[in-house]
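Peer 1: The lines below spell out each chain.
Number of protein chains: 2
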Amino acid sequence: MTVVSPPSLLALDWGTTSLRAFLLAADGSVIERRAAQRGILQVKEGRFASALEEIAGDWLARHPALPALASGMIGSRQGWREVPYAEAPAGILELARGLLALECGQGRMLRLVPGVAFRAKSAPPDVMRGEETQILGALAAADRGEDRLLFVLPGTHSKWALVEGERIVSFASFMTGELFALLKAHSILGRLMTKESDDPASFRRGLKEATRGGAAAGGLLHKLFSARTLALFDELPQAGVASYLSGLLIGSELEGGLALIAAELGAVPKRVTLIAEAALAALYGTAFAARGIAVEVASGDAAALGLLAIARAAGLLG
Amino acid sequence: MTVVSPPSLLALDWGTTSLRAFLLAADGSVIERRAAQRGILQVKEGRFASALEEIAGDWLARHPALPALASGMIGSRQGWREVPYAEAPAGILELARGLLALECGQGRMLRLVPGVAFRAKSAPPDVMRGEETQILGALAAADRGEDRLLFVLPGTHSKWALVEGERIVSFASFMTGELFALLKAHSILGRLMTKESDDPASFRRGLKEATRGGAAAGGLLHKLFSARTLALFDELPQAGVASYLSGLLIGSELEGGLALIAAELGAVPKRVTLIAEAALAALYGTAFAARGIAVEVASGDAAALGLLAIARAAGLLG
Numbered sequence: 001m002t003v004v005s006p007p008s009l010l011a012l013d014w015g016t017t018s019l020r021a022f023l024l025a026a027d028g029s030v031i032e033r034r035a036a037q038r039g040i041l042q043v044k045e046g047r048f049a050s051a052l053e054e055i056a057g058d059w060l061a062r063h064p065a066l067p068a069l070a071s072g073m074i075g076s077r078q079g080w081r082e083v084p085y086a087e088a089p090a091g092i093l094e095l096a097r098g099l100l101a102l103e104c105g106q107g108r109m110l111r112l113v114p115g116v117a118f119r120a121k122s123a124p125p126d127v128m129r130g131e132e133t134q135i136l137g138a139l140a141a142a143d144r145g146e147d148r149l150l151f152v153l154p155g156t157h158s159k160w161a162l163v164e165g166e167r168i169v170s171f172a173s174f175m176t177g178e179l180f181a182l183l184k185a186h187s188i189l190g191r192l193m194t195k196e197s198d199d200p201a202s203f204r205r206g207l208k209e210a211t212r213g214g215a216a217a218g219g220l221l222h223k224l225f226s227a228r229t230l231a232l233f234d235e236l237p238q239a240g241v242a243s244y245l246s247g248l249l250i251g252s253e254l255e256g257g258l259a260l261i262a263a264e265l266g267a268v269p270k271r272v273t274l275i276a277e278a279a280l281a282a283l284y285g286t287a288f289a290a291r292g293i294a295v296e297v298a299s300g301d302a303a304a305l306g307l308l309a310i311a312r313a314a315g316l317l318g
Numbered sequence: 001m002t003v004v005s006p007p008s009l010l011a012l013d014w015g016t017t018s019l020r021a022f023l024l025a026a027d028g029s030v031i032e033r034r035a036a037q038r039g040i041l042q043v044k045e046g047r048f049a050s051a052l053e054e055i056a057g058d059w060l061a062r063h064p065a066l067p068a069l070a071s072g073m074i075g076s077r078q079g080w081r082e083v084p085y086a087e088a089p090a091g092i093l094e095l096a097r098g099l100l101a102l103e104c105g106q107g108r109m110l111r112l113v114p115g116v117a118f119r120a121k122s123a124p125p126d127v128m129r130g131e132e133t134q135i136l137g138a139l140a141a142a143d144r145g146e147d148r149l150l151f152v153l154p155g156t157h158s159k160w161a162l163v164e165g166e167r168i169v170s171f172a173s174f175m176t177g178e179l180f181a182l183l184k185a186h187s188i189l190g191r192l193m194t195k196e197s198d199d200p201a202s203f204r205r206g207l208k209e210a211t212r213g214g215a216a217a218g219g220l221l222h223k224l225f226s227a228r229t230l231a232l233f234d235e236l237p238q239a240g241v242a243s244y245l246s247g248l249l250i251g252s253e254l255e256g257g258l259a260l261i262a263a264e265l266g267a268v269p270k271r272v273t274l275i276a277e278a279a280l281a282a283l284y285g286t287a288f289a290a291r292g293i294a295v296e297v298a299s300g301d302a303a304a305l306g307l308l309a310i311a312r313a314a315g316l317l318g
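So the protein lines, in turn, are chains A and B.
If you read the first sequence in our numbering, its first letter stands for residue 1, the second for the next number, and so on.
If you read the second sequence in our numbering, its first letter stands for residue 1, the second for the next number, and so on.
No lab work stands behind these hints, which were simulated from the structure alone.
Heads up, some of the hints might be wrong.
As the list makes no split between identical chains, a pair holds if one copy fits it or if it spans any two.
Here are the simulated DSS-like pairs of lysine-lysine, each with C-alpha atoms no more than 30 Å apart in a straight line [said to hold, decoys possible]:
{"id": "1", "residue 1": "LYS184", "residue 2": "LYS44"}
{"id": "2", "residue 1": "LYS270", "residue 2": "LYS208"}
{"id": "3", "residue 1": "LYS184", "residue 2": "LYS121"}
{"id": "4", "residue 1": "LYS121", "residue 2": "LYS270"}
Please work from the sequences and hints to get the whole structure.
Peer 2: In C-alpha cells:
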C-alpha cells in the first residue's frame, strides 16, 4: 500500500527564463513537479495569471484551500508585483514577514517572497531574488555542523553568500554567466568558437590564466584577449576556445569572490556549498578543487524546501 | 602662388571596419585624403582590388609610378593576404623588412605592413595590426625628449605599448571597447540604458568604482553588477548608466594596464601619449588625469606618417 501525503503547498520558483512548480507535502516530499518556459521575460502583457493557470490550474481546482507561494524575479519590478527587498541579515523569519499577497484569480491568494538587498560599507548595494529562498532551503536540508557557511550559486549572475546563524549576512553578485554568453554569441572571440565541445584541458588552462600574476598581470580585460591570441598561434585547439574562456571567467569569479570573502573573514574559506545544476556544479567543482577548497553540492530541490520553510514560518500550512 | 608638392606615396590605413586613404608628399603633408566604410569585414568575397580601385583608382591612374603601402587588418588571415608578424622589439626598419608585396591590379604592386607580435615570459602572446604603424608615425612626429615612451591607443581592443630606442618593446591588449559595446547592445545592463547621454559625473563615479578596494573588492565581474544595482536604487540617474559603465571599464583598463607597466618598469609611468579620436581622447584623458598621469594627445595622421616612414626605410620613395 502506498501512502500518499496530502498536499500542503503550491511552491513556485519563478525566474527570468523559467517557471518551476511543486506540489509539496508538509514533510517536504515532492508529490508532483512541473516546469515550463514561462519565465517573466516570456510572459507577455502581464498575463501571469494565465501562466499560473496553465502550469497549476488543475492542482488548484483539486485543492481549493491549498496555499500558494512564489519566489524569484516574479517579485521584481518586471514581474507580477514588486516586493520590497528584505535587508540582509535575512533568514526565514525576515522573508516570511516580507511576503506580499496578491489576488491571482478566482479569489485565491498568491504570496510572493521578497528578494534580499545587501549594503556593504562604502560599496554599491547588491541584490538577489530567488537565490535567498534556495540558500535557506539548502540550509534547512543540510547538516549544520558549522556556524558559518559559504554558498555559491553559479549562473547568469552568480551569487556568493555568507550564512551565519541561519541568516544570509552578506553576498555578492558576479556577471560571469551573462558575460560568457555575450562573448560567445557576439564577440570576436565567439567567431573563433566554430567547433562546440567541452575541452577539460582548455578549461583548466583558462582557470590557470585567471590566477596568473595577480593584478600585475593586467586584469580580466587584458586576459580575455588571450583567448584570441592563443588560438591565433595554435597554442589552443579551436575546439577549446569556449572551454578556455569559460575557465578564464569562472577562474576570475573565484579570484574576486575569494578575495572578497577573505577580506571579510580574514581567511580564505576551507569549504563551499554549491547550489547548481550538474554541468555548472562540475565546472565550479573543478575550479574550487584546483584551489584546494572542498566542495559540497546541495541536494534536493532547494527552492521548494525554502518555500516550504517560509510558508511554515508565515503560518500558511494550517 | 601655391606650391603643390608632388605625390610620393599612396598610404592606406585599412582596418576591420574602415578604410582611409592618403595621397602623401615626401615631407609628410597630406595632398588629399579619403575615407570609406570598406573595412575588411565589409569587403565581400575577397574583392579587395575593387575596394582599392573605388577609393584610389583615379590617383593611381594619374600617377602610374606611385608606390602603395597599407597597414592594418588588411594583412591578417581575414584580409587580402596574411603577413607574418614582426616580433617585438620592432621599429621602422623591422617593419620595412617584413613588407609583403602583392599584385593589386594592372601589374601594380601593393605592399602590406606586418603586424607585431609580443611574447612575454610565461604569459600568452599578444598581437597588433595597424597600431604599430600609428605608434611609429606618432613617434616620428613627436619630440623625443624621453628615452622611453608609453603609448595608449583606446578602441575596440585598446593597446598599451612601451617604446624604447624608437622600437616597440612590449605591449598589451584590452578588450575594453568591445566589451562596452556588447554590454550596451545585448546585456541586462544595456536594457537600463534607454536614455542616451554623456554624463561626466556618472563617468567619474565609474572610474572611482574601478579603483575601489583593489582585488579585495571582488573584481570586474562583480563590479559590473553595480551598474544595475545603483540604477535600481536610484543612486545613479538612468541617463548615466552608459557613462558609469564606460568609466568602470576604462578605469579597469587603467587599473590593469598601469599595474602591468609598473611591474615591468618598477614604477608607475608619469606620462602617456594617447593616439585616439577626440571623444575617446577626452574620456581617457579624464581617466589618466584622475590618477595624476600627464596626457599628451598625438597630433596629425599618425598612420599616414608611419606609412611614409616605413616606405622611406624600404626605399620605395625613389
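Peer 1: All the hints need checking, so say for each whether the structure fits it.
Peer 2: Here is what the structure says about each hint:
no.	hint	in the structure
1	LYS184 x LYS44	both (28 Å within a copy, 24 Å between copies)
2	LYS270 x LYS208	within (20 Å within a copy, 32 Å between copies)
3	LYS184 x LYS121	between (35 Å within a copy, 28 Å between copies)
4	LYS121 x LYS270	within (25 Å within a copy, 32 Å between copies)
When each numbered hint is compared with the structure, no violation occurs for any of them.
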